[in-house]
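Q: In the numbering used here, the protein residues as written are 975 to 1093.
Accuracy of the hints is not assured; some may be wrong.
[Unchecked claim] Listed next, the in silico BS3-like pairs over lysine-lysine satisfying Cα-Cα at most 25 Å (straight line):
(1) K1069 to K1041
(2) K1019 to K1031
(3) K1031 to K1041
(4) K1078 to K1031
(5) K1069 to K1019
(6) K1069 to K1083
(7) K1019 to K1041
(8) K1078 to K1019
(9) K1041 to K1083
(10) K1084 to K1069
(11) K1039 to K1084
[To be verified] Just the calculated beta-carbon pair ranges, DEER-fashion:
(12) D1037 to R1091: 17 to 23 Å
(13) S1056 to E1092: 21 to 27 Å
(14) T1065 to G1022: 18 to 24 Å
(15) G1009 to G1090: 18 to 24 Å
(16) A1024 to K1069: 32 to 38 Å
(17) D1001 to N1075: 19 to 25 Å
(18) R1027 to T1059: 26 to 32 Å
(19) V1080 to G1040: 17 to 23 Å
Just so you know, these hints were derived from the structure itself, not from any lab.
By construction, the Cβ of each residue, glycine as well, lies at the ideal position given by its N, Cα and C atoms.
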Amino acid sequence: MAKSKERLIAVKPSGVKDESVTHLIHDLVRQIPRGRVTTYGAIAKVLGLANPRMVGKAMSQIDGKGKPVPAQRVVTSSGRLSHDTSHHRHTLLEKEGILLNGDKIVDFKKLFWDPGREL
DNA sequence: ACGCTGACTATTA
DNA sequence: CTAATAGCCAGCG
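Please construct the entire structure, taking both the sequences and the accompanying hints into account.
A: Set out below in structure tokens:
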């Protein structure tokens, strides 16, 4: 029996409006509890995306209008911040009680919030 | 159509 | 720990 790695495919349920994955990602990110974090990969997995880069792309598309999206709670699989040269997200995270060592989250494993398991 | 780029990830050295 | 590589896929010129 082959345990082939089925490549995850973005499922587009027919009948569902073309909400675009970006909106779904934003909604999911808004559900991340304060003081917890998750990863691009975890979000991608839950939404059935094959490429976590798409999640990052969605974050870069936050325009500031509508509900705010706590993108600071989304980090890389190694618990590090990405594209935070101005340390903007770094500051927000510490404000939520998350300790950081440089751009690395302390106790990332404990603070990790899995959208597919705890939600 | 084609090549490059990118808020990623896993593996290997 | 860092660096290099490969896989991944949508968007853009």
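Q: Now look at each hint and say whether the structure bears it out.
A: Against the structure, the hints come out as follows:
1. K1069 to K1041: Given pair K1069, K1041 holds - Cα atoms ~20 Å apart, limit 25 Å.
2. K1019 to K1031: holds (15 Å)
3. K1031 to K1041: The given pair, whose Cα atoms are some 18 Å apart, holds under the 25 Å limit.
4. K1078 to K1031: Status holds; Cα separation ~21 Å.
5. K1069 to K1019: The hint is violated at about 28 Å.
6. K1069 to K1083: Given that 25 Å is the threshold and the Cα spacing comes to 19 Å, the pair holds.
7. K1019 to K1041: With Cα atoms ~24 Å apart, K1019 and K1041 stay inside 25 Å; holds.
8. K1078 to K1019: holds (22 Å)
9. K1041 to K1083: Since the Cα atoms of K1041 and K1083 sit roughly 28 Å apart, the hinted pair is violated (cutoff 25 Å).
10. K1084 to K1069: holds (18 Å)
11. K1039 to K1084: violated (32 Å)
12. D1037 to R1091: 17 to 23 Å: At roughly 30 Å between Cβ atoms, R1091 and D1037 fall outside 17 to 23 Å, so the hint is violated.
13. S1056 to E1092: 21 to 27 Å: holds (23 Å)
14. T1065 to G1022: 18 to 24 Å: violated (33 Å)
15. G1009 to G1090: 18 to 24 Å: holds (19 Å)
16. A1024 to K1069: 32 to 38 Å: Because 34 Å falls inside the window, the suggested range holds.
17. D1001 to N1075: 19 to 25 Å: violated (31 Å)
18. R1027 to T1059: 26 to 32 Å: Roughly 19 Å apart at Cβ, these two residues miss the hinted range, so it is violated.
19. V1080 to G1040: 17 to 23 Å: violated (32 Å)
Violated hints, listed in ascending order, are 5, 9, 11, 12, 14, 17, 18, 19; each of the other numbered hints is respected by the structure.
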